[in-house]
Structures are given as structure tokens and as C-alpha cells.
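Construct the complete structure from the given sequences, taking the supplied hints into account.
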Amino acid sequence: MKTAMVVEPDLAHISTGKRKRKLNNELLASAFLGPYFIFFLVFSIVPIFYGLFVSLHDWTLIGKVKFVGLDNYVYALQDSDFWASLWNTSYFVLISTPLMIITSFGLALILDSRIKGRTFLRIIFFMPNILSVAVVSFIWIFVLAPYSGLVNTVLHNIGLLSLGTELFWLDDPNLAWISIVMITLWWTQGFNMILLLAGLQDIPIDHYEAATLDGANTWAKFKFITIPAMRGLIVLITVLQVIASFKVFGQVWLVTRGGPGNETRTIIQYIYETGFTANNLGLSTAMSFMFFIFLIILSFFQLKFFGKKVD
Amino acid sequence: MKRFKIYAITVCLILLSTLILSACSSTSNNKSVSEPKSSDAAVSGKKITITYWNLFGGGDGVIMNEMVKKFNDEYKDQIEVKALTQDWGQFYTKLQTAVAGGNAPDLAISHTSKLSELVSLGIVEPIDAYSESIGLNWGDFNENILSASIFDGKHYAMPLDAHPLILYYNKKILRDLNLLDENDKPQIQPGPEGFTSFLQKIKDSAPSGTEAMLLPSDGEDPYRVWWALYNQLGGQGVFDESGKKVTLNNEQGKKAAEFVSSLFSSGLVKKSFPKVGETFQAGKGALLPTGVWFTSTLEATKGLEFGAIPFPQIFDKPATWVDSHNFILPIHKKGEDANKVNAALTFAKYITDHAAMWSKAGHIPASKVAVESEEFKSLPLRQDYLQAGNNGVYLPNSPKLWPVKDQLVQALNTIWSGKVPVDKGLEAAVQTMEKILAR
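Protein chains in written order, with the working numbering: chain A, 368 to 678; chain B, 427 to 865.
No lab work stands behind these hints, which were simulated from the structure alone.
Be aware that one or more of the hints could be misleading.
[What the hints assert, rightly or not] Short derived list, chain B residues pointing at chain A, Cβ under 7 angstroms:
id, residue
1, A526
2, T840
3, G844
[To be verified] Here are the simulated lysine to any residue pairs, SDA-like style, with alpha carbons at most 25 angstroms apart:
id, chain 1, residue 1, chain 2, residue 2
4, B, K845, A, N519
5, B, K670, A, V432
6, B, K495, B, K508
7, B, K701, A, T427
8, B, K831, A, N519
9, A, K433, B, L863
10, B, K627, B, N604
11, B, K629, A, F505
12, B, K701, A, F505
13, B, K845, A, S515
Computed from a predicted model, the values in this text were never measured in an experiment.
Cβ atoms here follow ideal geometry from the backbone N, Cα and C, with glycine treated the same way.
Here's what the structure looks like:
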């Protein structure tokens, strides 16, 4: 690609000095961008088109079996499990996203106020974020275990749970979702918190001082200064969070395996199982594409509706 | 102008890479097996190196590696086996892609329950053509174990072992409760009532903190117990003749599920009990139904006095869950090298003949040669396992067996958790299983 651009001697010759410099800059830029672009092409763009090709076939781990046209897409559209797992994922996004934003925002506000031991708290709040998904999942499997787990033991000791009864955090469909949201919240809120904290610290202090002089109370300051100043950042974090949450897989797979039944099976897990357990890569690629389109549409609407309000 | 050129090149590159990539992987899986040919490199007298993939981790892996080392020492100047242990979860995926990519190992391990999928994908080569040249006598293998590895009358696998579901028991706990007979075997009365009253006795009189029976209420083990009971009741297989309909939702299937479910709902077995195996190792559980592979771990546990019996007959006839490890010959796209195949099978036969050593891990040898060896006879407990191996019932053949079984396990989990009644749960199982079979 680079060679293709160098071979333009005529153009370089006639151009003025300015044009020449511009061309040089472009050449330099493409020299830097080139290597990345090649990787981007080989590892992102090509696989996407290749995936489209695969999704039109009956395809196993061994390779292509036969061309089936849009059959995989038609099958996926009529597949109740596809929709059920897509709903499961959406359900997770719907409950986890608001919680995630509010918790992170709350913690960021605590850290932004001048309380003692802020640095210590900041470390504590952010710490889970550096753990890998496997570590997080196994910690919580221990903590949530019935009979001997920390949560049930504490509930027994403070008398909220009568002795002899146990809460099956991971085996009851409703509790399993609560557990997964709780785990995800504990694990990932730290990152949003740091972003929001940085945003809070960017709000000029004189705004608050002026408000104090005007006799505004804490709530008024929060409502009329903090929230408007943070709106852009909150929208951005919401969009990023929704997309990230839709891709939920690791912690669910490790903690509940999609169980009990298939109650917590996420769309990614279903795609994975279709491809690598049921050995039906064509169908699983078609599902990935439909999920991909779903996410694009979702992001489009998010930006359209939330984006407008951003100043 | 220039921009157009960049776009043109980009598009060309995309198209080109698509072509190259698809060319690489678009292999049809119905290619005929080319005639074995000898390569010049393997003239007699020269050392042959073969690759061998297995999925044995933990205690199994240590023993298998010892056996490979022993073989390599004995066949020093003729054959060298390079063993590679792949991660359990990814093993079959890697095996299939390796065959597709033309980098298949010369020898690999497969579960009996996975064989029909591999055979139907056309990535395993039958062994029959070579059995004479390495002096293999199929009559040397246990019939129950061997017959599960035959497809269309061809031997696609050399069985190494059988690993049935059995019942471990803590001798100390049961002795203190006076529940052992003179041979140190648990005195379980026949019939479902006999078994539950045995559990009730332990529950009533064992010291607190001791569980009567340890069985997780989700995953493979309760499903294996269910499968054992289903077959004890005379349940007939999983599929009808077409292989597309699931027949589990029958009288026997329900009765077996009701029995397992009642163990949990009555509180005889605690629901969702965490770390079942560790609890038994710690001496806090009287009974533990699981596979023979747990034997070596328990034998290595200090201060644990345990015994094991075949899974007890609770219903009409003895039966239990069983699966096996087999040696298979993955297909090489470039054609088979007869010398390598012979070397691989020589190694496989050596391991099956010497499987007494393998049974230290708990598995039952498939080869009668190994079963009759003094080394095997001197091992504790294993003689009892032999019976379990003969009573073991394999899952029927189906190219979709594993994904179908995963769905069965998920549906059974909902029954054990008490959220779904038995008939609804089995109905859901049949639906999801048939959906996968229909694809």
C-alpha cells in the first residue's frame, strides 16, 4: 500500500512547496497508520466479511458443508431460544445499567467530598476492577454458597434468615439474576467511578462558591450545578455501559453456566454453544450478525435520543 | 485519483484474503481415505516419532505420562511417543480443527459418548485394516465396553478403560452407626425404601455436621444417578429408531426422576450443597455417588477410611452410568503413513495391555489381558469396580449426543431444584433435545 502511494512522481513534481509538504505529511501519516491498518484489515474487517460468508453456509468445525442461503437467519428468527437468550441479556442490561451508573456516581460523590481517608476509599472502591473475571466469579461462588457461604451465614447470624432455611443464590432464577447483577456491579463499577470522579473534579469550584453566596443549599447545588455539568459524561458512560453489558458472558458462564435451566443463558453463551458445542458454526455466525445489527440499531437510537440533550 | 487507488487496493485485498482464507478451510468432510502409503523417512530400523493427544489432567495425567515414559524407554530405538495434554474443555474443538487444518495428531483419546459425533464428522479412521499387523485381538476386550465403540460393524476405537458411576462410603461413619456388614460393606436393604431408610438412619444418628449423602443438585452427577436408575427400571434408551425423537419422558424416566428429586425435597440430601468432593474427603459425608476417577484422589487423602461399591441396585435390575476412554486414529488429510499408524497402534495396544497401571487412577481396564494381570488383581477395590463396568449402560449413539445431553442436564437441574415438577421438566428436556436433533 505504501509503495502504491510513493509511485506518484509527476504529481509531486508539479506541486507547489505547500502541496509537497502536505503530501509528505500524508505519506508520513500513512506510514504510521499503515501497520495498524493492516492488522485492522486482517483481524477485524476480513473476519467480518468472512463471517458473513460463513453465515450463509452449513458450517462445522471441520469446514464448509454446503451453501444454504439465508436458512440460518430464518432459523434463528424462528428460534425461541435465540429470543429467550436475547431477552435474558436485555433483562440484565435493563436492571444493571441504572444501578451501575447510580452506584458509580454515588461513590464518586463520596470520593469528591472532602472526607478523611479518601485515597484509601478510592483504592477500596476501585480494587475489584483489576481482578480477572475468573477470580471474581470464584470469590462470589464461595461467598454466595448455601450452608457455608458468607452471605447466608451473615443473614443467619443477624436473624434475617431463620436457621434451617437457606437462600440458593445461584440456583433460584430470580436470585441468580440478582447475584449476577451484584457480582457485575461489585466488579466493574470502579471504572465508571473513576471517569465520573474525573468529571466531578473538572467542575470549576467557583460555580459552587457563587451558589453558596446566593444562598443555595447542597441539594440545589447538586441539582443545578453538578448534574448539568455531568450530563454529557453520564450519557457517554451510559452508551458505553449498555454496549458492554450486552456483551455479558464471562461471569454468567462461570457462576451459573446459564442455569438454572436456561434461565440466565445470555445471547453470547447461546451463540457459543451453538457454534462450539452443537458444532453449527454457520448458524452461530448468523446469530452473531443479527446481534451485531441489533447493537448497531440500539446505539443509533441511543445517540439520537440522548445525544441531542448534550450541549 | 490517489484515494480511488487506495480504495481499489483495499477492496482487492479484502476480496483476496477472503478467497485465500475460505480456500484454506473449505474442506469437505466426505473425502475418501487415501490408501496408506509408506514414507521414505520411516525405513525399518529408523526411529518413528508419533504425536499423541489426550485430555488427562490431574491424577490421571500423571499416571498417563508415566506410562508414556515407560513405553518410550522400552521402545527406545524404535518408537518415540510425544504426548500432549490438551485442556479438557477445548479438547474436541482442537482435535476437529487440527484434522481440518491437516495437523492432526497420530493418535488421540476420545470418550465413547463423543465417538459417534467424530465418526459422523468423518475425522476418525477405522482400525480394522491395521489390527492384524500389530497383533490385536478384539476378543481380548470386554464385550460391553468394546461394543459401544463399534459403528457400522467397524472398529473405530481401541477401548482403554471404563469409568462407571459408583458409590463411595466413609467406613468410619458407617461402622460407628453399625451399618456395615462383616466385609465392611454397607448394609443397604433392597428397593427404593431400603435405600432411603438407609439414608434416614445415617441422618438420624450421625454426629451433627455429617451429611448422609453428598450429591450436588445440579450438573452431571445427579443426571448420572438418574441415568443409572432409569436403566435399573428398564428404561429403553434415549431416542426412537429415527434418532430424531426423544423417548425419555416415559414411565421409567419419570419414576427415576421422582426418586432423585425426592432425595432433595425430603432433605435426605441437601440441595445445592457446595464442594461435595472436598466434604467427603474431609470425612463429613457418609455416602458419595460419583465416578471411579475419584478413587486415586481419595486414596491420596490422609486419614480418610473409605470404601466403594458398584452403584446399588435400587430398582428392578443392576445398572449404572458408564463412559469410556478410547484410542482413536484421527484422519490425516495428506494420507496416512502406515509406519506411523502401526507405531501409534503399537503404543495404544501397549497401554491397553498394561492398563493395570492406568487403573491406579480408578478406571477399569477394557483389556482382559490387563484385568487378568497380577498387578491389577493386587489393587484394592478394583475387583468390585469390574462388576460396575459390566452393568454400566452407555448413552446411545447420536452425532449430537453431547449438546443433547447438556440440555438434558439443564432440564433435570430445574427438577432437582424443586422449581419444576417432574413431568414438566422432562417435557422441557424432550423439547430442547429434539430441537437440537432436528437441526
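Note to self: For each hint given before, does the structure comply? Return the numbers of the non-compliant ones in rising order.
What the structure shows: 3, 7, 8 and 11
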